[in-house]
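From first to last, the protein sequence lines are chains A and B.
Per this note's numbering, the first sequence starts with residue 1, numbered consecutively.
Per this note's numbering, the second sequence starts with residue 1, numbered consecutively.
I should point out that these hints are in silico values taken from the structure, not numbers from a laboratory.
Hints may be right or wrong, so weigh each one.
[What the hints assert, rightly or not] On the chain B side, residues computed to face chain A include the following (Cβ under 8 Å):
#1 Leu7
#2 Leu25
#3 Leu46
#4 His55
#5 Ser75
#6 Phe140
#7 Arg144
#8 Asp145
#9 Val151
Think of the CB as a built atom: it goes at the ideal place given N, C-alpha and C, for glycine as much as any other residue.
2 protein chains.
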Amino acid sequence: MTATDDLLANAERYARTFTAGDLPLPPGLGVAVVACMDARLNVYGLLGLAEGDAHVIRNAGGVVTDDEIRSLAISQRLLGTREIILIHHTDCGMLTFTDEEFRAGIARETGIRPPWAVETFTDLEDDVRQSIARITASPFIPHRDAVRGFVYAVETGTLTEVR
Amino acid sequence: MTATDDLLANAERYARTFTAGDLPLPPGLGVAVVACMDARLNVYGLLGLAEGDAHVIRNAGGVVTDDEIRSLAISQRLLGTREIILIHHTDCGMLTFTDEEFRAGIARETGIRPPWAVETFTDLEDDVRQSIARITASPFIPHRDAVRGFVYAVETGTLTEVR
Numbered sequence: 001m002t003a004t005d006d007l008l009a010n011a012e013r014y015a016r017t018f019t020a021g022d023l024p025l026p027p028g029l030g031v032a033v034v035a036c037m038d039a040r041l042n043v044y045g046l047l048g049l050a051e052g053d054a055h056v057i058r059n060a061g062g063v064v065t066d067d068e069i070r071s072l073a074i075s076q077r078l079l080g081t082r083e084i085i086l087i088h089h090t091d092c093g094m095l096t097f098t099d100e101e102f103r104a105g106i107a108r109e110t111g112i113r114p115p116w117a118v119e120t121f122t123d124l125e126d127d128v129r130q131s132i133a134r135i136t137a138s139p140f141i142p143h144r145d146a147v148r149g150f151v152y153a154v155e156t157g158t159l160t161e162v163r
Numbered sequence: 001m002t003a004t005d006d007l008l009a010n011a012e013r014y015a016r017t018f019t020a021g022d023l024p025l026p027p028g029l030g031v032a033v034v035a036c037m038d039a040r041l042n043v044y045g046l047l048g049l050a051e052g053d054a055h056v057i058r059n060a061g062g063v064v065t066d067d068e069i070r071s072l073a074i075s076q077r078l079l080g081t082r083e084i085i086l087i088h089h090t091d092c093g094m095l096t097f098t099d100e101e102f103r104a105g106i107a108r109e110t111g112i113r114p115p116w117a118v119e120t121f122t123d124l125e126d127d128v129r130q131s132i133a134r135i136t137a138s139p140f141i142p143h144r145d146a147v148r149g150f151v152y153a154v155e156t157g158t159l160t161e162v163r
């Protein structure tokens, strides 16, 4: 048994008690969340989201690259969301190494230097502001007046807004 | 009150009963999930994930672009995950339009054609296979022998493996 097999057994249990089969495609709350992929950051539990409420976009760091701009553009233009919540968190792996180290390590092992930025950062709040700035600078995202950024503390479960 | 304010009130409630403050950074199950951002796809509920279990990576379509390769490379190389679960779903917005339509619409409104592919698709299972193929073709992801892809049915809550 792999961990994947265990999770598939959980999915069978989920389906047995599933009752949310008639929800519409557009998110009910009109919100898109962009958060770090970190295992300790349970976006559904933290924000009290239920099935159908919000788009959830996640990656290493919770940063905003072209792929998050693509997802947010689709979210707002086609599926009616208007508010964006950004979440970084304490003890983030992205604080523990540098782009140069990571790229050099891959190049040593594989002979190929990745063609993308690794998007590491040295200050959590600064990177939340960087993510907000990338969104508000994008011509592809129509609604940029309700973008708010937060740092989640994995030690205490609390969310603090970045001003 | 915005929808964001309501979700922040939920976050205050979450913090009051929070007890998972001592979890380590690496995901306990050694799994990374790549799923669509769709609001109806509750990855935590579906897979029975708890805080600390798995990396969760999400975007429009649950597709694999450079940003997902970046996140998966960090997940495996620095944080020890070895299994990957890909989840697309029925009634996906990405089936309802084309790259060309979306890019032309943005170009008409803003005068700027996006420099990125929109990653729409016409067949769910084919796109799951495409995502698996992009991962297994990537030199930047060391563990490529436990990559499995699924379609989640938003109507019934069931998960079906793509072979």
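Now the hints, each set against the structure:
Of the supplied interface hints, the one on Leu7 of chain B holds, with its beta-carbon coming within about 4 Å of a beta-carbon of chain A, less than 8 Å. A hinted interface residue such as Leu25 of chain B counts as satisfied when its beta carbon comes closer than 8 Å to some beta carbon of chain A; here the least separation is about 6 Å, so the hint holds. Checking Leu46 of chain B against chain A: minimum C-beta separation of about 5 Å stays under 8 Å; hint holds. Annotation: His55 of chain B was flagged as interfacial toward chain A, and the flag holds, the nearest CB pair being 4 Å apart, inside 8 Å.
Below 8 Å, beta-carbon pairs count as interface contacts, and Ser75 of chain B has one with chain A at about 7 Å; its hint therefore holds. Below 8 Å, beta-carbon pairs count as interface contacts, and Phe140 of chain B has one with chain A at about 6 Å; its hint therefore holds. Here the hint on Arg144 of chain B is broken, as its CB sits about 13 Å from the closest CB of chain A, past 8 Å. Using the Cβ-Cβ criterion of 8 Å, the hint placing Asp145 of chain B at the interface with chain A is not satisfied: the shortest such distance is roughly 11 Å.
About 12 Å separates the beta-carbon of Val151 of chain B from the nearest beta-carbon of chain A, more than 8 Å, and the hint is not met.
The structure fails hints 7, 8 and 9 (numbered hints given earlier, in ascending order).
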